[in-house]
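*Asks:* Next come the chains, spelled out residue by residue.
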Amino acid sequence: MTATAGCPGGHGVPPRSARTAPVHPTPAWAVARKSLLLPAFWLVAFLMALGAARMVLVIQNAIAEYPVATTTALALFALYAVPFWLFVSALDYLEREPPLLLATAFGWGGLVATTVSAPGSTAIHNLLAKTYSPNFAAAWGSAIAGPTVEEIVKTLGIVAIVLIARAQINSVLDGVIYGSLVGLGFQVVEDIVYAVNAVAAAGRGDDVGPVVATLFVRGFLAGLWSHTLFSALAGAGVASVVVRTDRTMRFRLGVAAVCFLGAWACHFVWNSPLLTVEAGDNGYALIAVLLAKGIPPLLLILLLVRTARHREADYYTQQLAALDDPDIATPAELRVLSMGHLRANARRYAYARAGVLGRRAVRQLQRAQAGLALELSRAQTARASPAVSHWHEEVLLQRARLRSLGHPEAVAIDLRRGSMRRRMLILAGTLLVLTAACAALAL
Amino acid sequence: MRVARGRLLQNAAASLCILLALVAIAVGLPAVDRTISAERAVPPHLPYEVGGGVTVVPPAGAVLDVTRTRPTARQGTALFTLGPVRYVIVATPFDGDLDGAVDRLRRKVTNAEGQLDAGLPALTGTGLSGREGAYTTPDRAGRYAVFLAPDISIEVTVSGTETELERTEPAIEASIRTIAYQERV
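Taken in sequence, the protein lines are chains A and B.
Its first residue numbered 1, the first sequence is counted upward by one per residue in our numbering.
Its first residue numbered 1, the second sequence is counted upward by one per residue in our numbering.
These are computed hints drawn from the structure, not numbers from a lab.
In this text, all values refer to a predicted model and were calculated from it rather than measured experimentally.
We put the CB at the ideal spot given by N, CA and C, even for glycine.
Each hint should be verified, as a subset may be incorrect.
Said to hold, decoys possible - Computed far set for chain B versus chain A, every beta-carbon distance over 10 Å:
#1 Pro30
#2 Val63
#3 Pro71
#4 Gly76
Claimed, not checked - Footprint (simulated), chain B over chain A, 3 or more residues, beta carbon under 8 Å:
#5 37-50
#6 114-128
#7 132-140
#8 147-158
#9 174-186
Work the whole structure out from these sequences, hints included.
*Replies:* Below is the structure:
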């Protein structure tokens, strides 16, 4: 089902989602337990068990040797994963993904992809050394083996997610989310292993210094544009194959190939010895190189995510717009609902006008509007299912609550100021991280 | 709760493809790697760059294991073999003293359930000071040497059977004396 009526603003123009990126809601008949009957589910379960067993051995050995450093690495990188996870899973506010499936994607990246990639990457390094020279392998091995093996294995994880729960891949954005989590799992486990290796290489015993240095360099400086981003791009390609049923299979496979090659190229550039400075040489030069290599793919993929989010938001807000009922959602609320920063802005505005109760009511109204939009899309006919009725009543309840608080409409105010404040916060945060990194590298 | 037969077969076929791709990467690539010899002859009497500014003149008759040799500007490893004897040089960034560098090697050996003796002072022909001695692990015995250059520790391990070690000792000792360090500009 794709939206066909006017855009949320009601100008009679078909929404972007209908033109370029159709959304396929999870059908009402889709049952999660059906996945248990699929061979793909058991394959993924088996591979994850295998990967988990290997990781337990690796961690056990590391803890036996460096108990404090290994435990610190586990704790720091687990904490490090939390904001990434929250950010990625919140990308799809209007149609949340099942947590179990998100965890499966993360597990594939952390357990299966790392386990399979290790021998494959080593073999390619060796083959390069044998075919060319050890110098060539040392310089270009990571740039060639890393993307070639790791991107394939991670992308296979996204394909496995599709095989397990195809009905949950509703839009390109879903592919981005599952891809990101596969990449995040890989990144976190790889960083833990790197941290423990750094402790061993430093030769100072059970010292947490190398763990903290690894967190800074691999987590903060390099982590923002690493596996999470590469796999997000590959995930967008896989999702395109699933959702763009309006196009030929050849076209869809072409899009998937372009996305995969994009992920490969980003990874290649990142690992390549071009524009490389040694970590110990010059902290400022290192940061400049990391930014030069990392920012272009980051911007490219953020643009992709932004477009995918807007397409999906168009589709779901259109479900509410079609009801043409200001008690459900006013045009201004539809605009707010479609963008994360506007939703937050609306909650802040409600807090300013009606205190904590106002903020809570707006949050619940937004949640109910999103729930109603989702159930309307799944039911395909308005108000046809119990779930639609439930969310419809919930929206009306929250609307009545807002009216009683003297703040009847969940709108955002002074958008420019809110947006500027957000940008300044991001800029200040980035500068803070870079300054801390410079200080750490200078020590 | 049923799944259509067609979908089930399609799912099984796709799952099999994923499994085969993973096996090709995890098992196939290493198998291809094993079919090609890793040994390469190295020119005798010429310094070989280990990495991190460290060079060594390999013993006559030694061959290089290219899969265990990784020279970079900051650090490096070189593995030479003389028959069953393995001669490994590892240069890594290190900011401690000689005792710390020896402790680091000791930790590696004890991790492999082996032992490292206290060793004696050693000096290369190029003036690098260090310590050398013997070590044992459950599956091999050998000699070790650790030298310290500015910001770099150089670990040398020579392992093999006692007979082979004795036979190759003069050549390897001579090679160890040629270990040199040139600071990067």
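*Asks:* What are the numbers of the hints that this structure violates, sorted from low to high?
*Replies:* 1, 3, 4 and 9
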